[in-house]
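Assemble the whole structure, with the sequences as input and the hints as a guide.
Going line by line, the protein sequences match chains S and P.
Under this note's numbering, the first sequence is numbered contiguously, ending at residue 87.
Under this note's numbering, the second sequence is numbered contiguously, ending at residue 322.
Calculated directly from the structure, the hints in this document are not laboratory data.
Watch out, some of these pointers could steer you wrong.
Covered stretches of chain P, going by a simulated chain S footprint (3 or more residues, C-beta under 8 angstroms) [unchecked claim]:
#: 1; segment: 142 to 148
#: 2; segment: 153 to 166
#: 3; segment: 305 to 314
Calculated pairs, DSS-like style, for lysine-lysine (alpha carbon to alpha carbon, straight line, at most 25 angstroms) [unchecked claim]:
#: 4; chain 1: P; residue 1: K209; chain 2: S; residue 2: K85
#: 5; chain 1: P; residue 1: K114; chain 2: S; residue 2: K56
#: 6; chain 1: P; residue 1: K218; chain 2: P; residue 2: K239
#: 7; chain 1: S; residue 1: K39; chain 2: P; residue 2: K82
#: 8; chain 1: S; residue 1: K57; chain 2: P; residue 2: K157
#: 9; chain 1: P; residue 1: K82; chain 2: P; residue 2: K218
#: 10; chain 1: S; residue 1: K19; chain 2: S; residue 2: K57
#: 11; chain 1: P; residue 1: K70; chain 2: P; residue 2: K154
#: 12; chain 1: S; residue 1: K56; chain 2: P; residue 2: K157
#: 13; chain 1: P; residue 1: K61; chain 2: P; residue 2: K218
#: 14; chain 1: P; residue 1: K199; chain 2: P; residue 2: K209
#: 15; chain 1: P; residue 1: K199; chain 2: P; residue 2: K239
#: 16; chain 1: P; residue 1: K82; chain 2: P; residue 2: K55
#: 17; chain 1: S; residue 1: K56; chain 2: P; residue 2: K82
Counterexamples of contact, computed for chain S against chain P with all Cβ distances above 10 angstroms [unchecked claim]:
#: 18; residue: Q28
#: 19; residue: T29
#: 20; residue: V79
#: 21; residue: G87
We treat Cβ as the ideally placed atom computed from N, Cα and C, and that holds for glycine.
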Amino acid sequence: MPALDKNSARSDLKEFIVKAFLFGNKNQTFADSDSFMDKGIVDSTGILELTSFIEKKYGIAIEDEEMVPDNLDSINNLVGFIARKLG
Amino acid sequence: MDFNKNSLKIDAAQVSNQLAGLILNQVGGVLKKTGAVVGISGGIDSSVVAALCTKALGPDKVLGVMMPEKESSDESEALARKLGKKFGFETIKENITEGLSGLGCYRERNEAIKQVFPEFNESWKCKIVIPTNILEKKTFNVFSLCIENDAGEKKTKRMPPSAYLQIVAASNFKQRLRMTTLYYHAEKRNWAVAGTGNKDEHEQGFFVKYGDGGADLKPIGHLFKIQVFQLAEYLGVPKEIINRTPTTDTYSAEVTQEEFFFGLDFYRMDMLWHALETNIPAAKAAKVLGLSVEQVETGYANIRRKILATEYLRMEPLMANK
Chain S
1 MPALDKNSAR SDLKEFIVKA FLFGNKNQTF ADSDSFMDKG IVDSTGILEL TSFIEKKYGI
61 AIEDEEMVPD NLDSINNLVG FIARKLG
Chain P
1 MDFNKNSLKI DAAQVSNQLA GLILNQVGGV LKKTGAVVGI SGGIDSSVVA ALCTKALGPD
61 KVLGVMMPEK ESSDESEALA RKLGKKFGFE TIKENITEGL SGLGCYRERN EAIKQVFPEF
121 NESWKCKIVI PTNILEKKTF NVFSLCIEND AGEKKTKRMP PSAYLQIVAA SNFKQRLRMT
181 TLYYHAEKRN WAVAGTGNKD EHEQGFFVKY GDGGADLKPI GHLFKIQVFQ LAEYLGVPKE
241 IINRTPTTDT YSAEVTQEEF FFGLDFYRMD MLWHALETNI PAAKAAKVLG LSVEQVETGY
301 ANIRRKILAT EYLRMEPLMA NK
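Spelled out as structure tokens, the structure:
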């Protein structure tokens with residue numbers, strides 16, 4: 001499996017989050033380290049949507065025990081998690 | 001502020017009297033109604049509200065409405081009847097199965113279940129659950145679908161968002177039809193609908209907007225679940241009701257409120273939440289509750305997330321001029 005292009009993943013994930021949860025409003029900024037839950041960007045239904053997107057986009061299966069904030073709750077955590085899954 | 005194992009202990013006699021006075025004033029003085037209708041499920045919350053309404057208004061001014069459907073537990077009706085007998089108010093039964101069928105509740109829900117488990121048969125049972133042990137690790141409040149076939153074999157799987165949303169939306173017909181039924185009986189008597197949600201349900205969003213959340217007054221909406229238990233003991237709610245495991249009466253498979261929503265037993269949930277609300281440092285709460293500091297911080301974060309994620313449920317319709 002090819003290694004993850006982290007910059008490209010960062011950009012793709014941000015684009016998905018802005019489109020899916022922020023009505024495409026790119027002015028509503030958030031840092032790569034910001035917690036989606038604390039910032040109120042993604043709720044628990046949103047996490048399901050995010051998980052589905054990642055599984056399809058990167059061809060990985062996310063196990064229930066991997067559904068934790070350390071893996072999914074910020075752009076940095078997501079990129080790190082996907083890289084580990086693909087690595 | 002002091003925080004100890006008895007921090008949520010109430011003077012049940014005093015609180016009952018205060019609430020009875022408040023109900024009398026709200027129903028008659030504020031709402032200008034002459035009685036109260038309560039949906040009774042045989043659970044502790046509705047039993048306490050019915051008992052308080054009876055204390056406030058008298059048994060002749062209280063109606064308990066049982067609203068079972070084909071997936072309800074038989075035990076609910078027997079306990080609800082026992083409650084009515086104990087406090088002397090009238091009870092009636094409205095079976096809502098036909099109404100739910102007409103609305104497509106079962107059909108729409110089962111169709112969504114089959115997206116996740118194509119083998120699902122309509123005679124099987126189902127429920128949705130969240131991961132329990134929320135103190136053990138930082139976790140999202142993500143629901144999974146659990147099905148149980150006729151032989152009792154269970155399967156659980158995380159749901160795609162479309163299936164999850166459809167199952168919840170279809171299941172919510174149950175609470176909304178119950179609300180509609182309660183208002184029918186209230187309006188024809190010029191009475192009010194007394195809601196039965198407690199603080200845990202109201203503030204963490206464990207209710208259906210305009211379903212069980214739809215009521216004219218919510219006498220126990222500010223009380224923690226463990227305080228509702230104290231009131232129940234004082235008011236003389238039958239023991240079988242007090243000792244019954246709280247359930248949602250929403251899914252065909254037996255599901256406790258703990259596994260469905262709260263992910264924690266009520267004592268620890270309520271005490272943690274009280275500690276969080278009163279700014280008790282995690283180290284102090286940990287000591288009192290026999291938990292690690294990390295567990296308390298994880299619990300605090302989980303409660304905060306639930307409150308934040310369910311704000312929409314508590315909002316009034318948004319007006320253009322406000």
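Hint by hint, here is what the structure shows:
1. Note: the segment 142 to 148 of chain P has 3 residues with beta-carbon separation from chain S under 8 angstroms; the three-residue rule is met and the coverage holds.
2. With 6 residues bearing a CB less than 8 angstroms from a CB of chain S, the segment 153 to 166 of chain P meets the requirement of three and the coverage assertion stands.
3. Under a criterion of three residues with beta carbons nearer than 8 angstroms to beta carbons of chain S, the stated coverage of the segment 305 to 314 of chain P is upheld, 3 such residues being counted.
4. Straight-line distance between C-alpha atoms of K209 (chain P) and K85 (chain S) comes to about 39 angstroms, which puts the hinted pair past the 25 angstroms bound.
5. This hinted pair checks out: K114 (chain P) and K56 (chain S) have alpha carbons roughly 20 angstroms apart, not beyond 25 angstroms.
6. This hinted pair checks out: K218 (chain P) and K239 (chain P) have alpha carbons roughly 24 angstroms apart, not beyond 25 angstroms.
7. For the suggested pair K39 (chain S) and K82 (chain P), the alpha carbons sit about 48 angstroms apart, so the restraint of at most 25 angstroms is broken.
8. Taking the CA atoms of K57 (chain S) and K157 (chain P), the gap is about 21 angstroms. The hint holds against a cut of 25 angstroms.
9. Note on K82 (chain P) and K218 (chain P): the hinted pairing holds, with a Cα-Cα distance of about 23 angstroms set against a maximum of 25 angstroms.
10. With a C-alpha separation of about 15 angstroms, the suggested pair K19 (chain S) and K57 (chain S) falls inside the 25 angstroms cut-off, and the hint holds.
11. For the given pair, K70 (chain P) sits about 21 angstroms from K154 (chain P) by alpha-carbon distance, which is consistent with the 25 angstroms threshold.
12. Proximity of K56 (chain S) to K157 (chain P) is assessed by CA-CA distance (about 17 angstroms); at most 25 angstroms being required, the pair is judged to hold.
13. Distance hint between K61 (chain P) and K218 (chain P) is fulfilled; the C-alpha atoms sit about 17 angstroms from each other, no more than 25 angstroms.
14. A threshold of 25 angstroms between alpha carbons decides the hint, and for K199 (chain P) with K209 (chain P) the separation of about 15 angstroms falls inside it, so the pair holds.
15. Distance check on the hinted pair: K199 (chain P) and K239 (chain P) sit about 22 angstroms apart at the alpha-carbon level, within 25 angstroms; holds.
16. Proximity of K82 (chain P) to K55 (chain P) is assessed by CA-CA distance (about 17 angstroms); at most 25 angstroms being required, the pair is judged to hold.
17. Between K56 (chain S) and K82 (chain P), the direct Cα distance comes to roughly 53 angstroms. Violation of the 25 angstroms bound is thereby established for this hinted pair.
18. Consistency note on Q28 (chain S): stated as away from chain P, and its beta-carbon is indeed over 10 angstroms from all of that chain's, at 17 angstroms minimum.
19. Distance check for T29 (chain S) against chain P: the nearest CB is about 20 angstroms away, which clears 10 angstroms, and the non-interface claim stands.
20. Every CB of chain P is more than 10 angstroms from the CB of V79 (chain S) (nearest about 18 angstroms), matching its label as outside the interface.
21. With a closest Cβ-Cβ approach of about 23 angstroms to chain P, G87 (chain S) is found to remain outside the 10 angstroms limit, as its non-interface label requires.
Violated hints, listed in ascending order, are 4, 7 and 17; each of the other numbered hints is respected by the structure.
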